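Make a model of the complete structure from these sequences and hints.
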Amino acid sequence: MSINVIDDRKVSLSFSEVTQKEDLITISKVLSEFTTEPELNVSTLSEVALPFAPELDRKDIFMTQKIFNTIHS
Numbered sequence: 009m010s011i012n013v014i015d016d017r018k019v020s021l022s023f024s025e026v027t028q029k030e031d032l033i034t035i036s037k038v039l040s041e042f043t044t045e046p047e048l049n050v051s052t053l054s055e056v057a058l059p060f061a062p063e064l065d066r067k068d069i070f071m072t073q074k075i076f077n078t079i080h081s
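Numbering (my numbering), first residue to last: 9 to 81.
Derived from the structure by calculation, the hints contain no laboratory data.
These figures come from a predicted structure and were not determined experimentally.
No residue lacks a Cβ here, since even glycine has one placed at the ideal position from N, Cα and C.
A hint or two may mislead.
What the hints assert, rightly or not - The calculated label-pair distances, taken between Cβ atoms and stated as ranges, are:
hint, residue 1, residue 2, range
1, Ser51, Ile11, 41 to 47 Å
2, Ile14, Leu64, 25 to 31 Å
3, Phe42, Ser10, 29 to 35 Å
4, Asp68, Lys37, 42 to 48 Å
5, Met71, Val38, 37 to 43 Å
6, Ile75, Ser40, 31 to 37 Å
7, Phe42, Gln73, 44 to 50 Å
What follows is the structure, given as structure tokens:
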């Protein structure tokens, strides 16, 4: 999760696939304490899978060398 302050009235939030509804509730509570906006009603949110553009699918061979597939940190 990433939070970026745009200016004194705006922030930008970026989420990943591991972001949970509980995370959104926490962020909403914190933001509502510092603004006049009410807390977000998370139950009104829906999970949506964005369409994938097939033309962006990789067709070439990429990072198949042994080093990329055997050593993990």
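In rising order, the numbers of the hints this structure does not comply with | When the structure is compared with the hints, numbers 1, 3 and 6 turn out to be violated.
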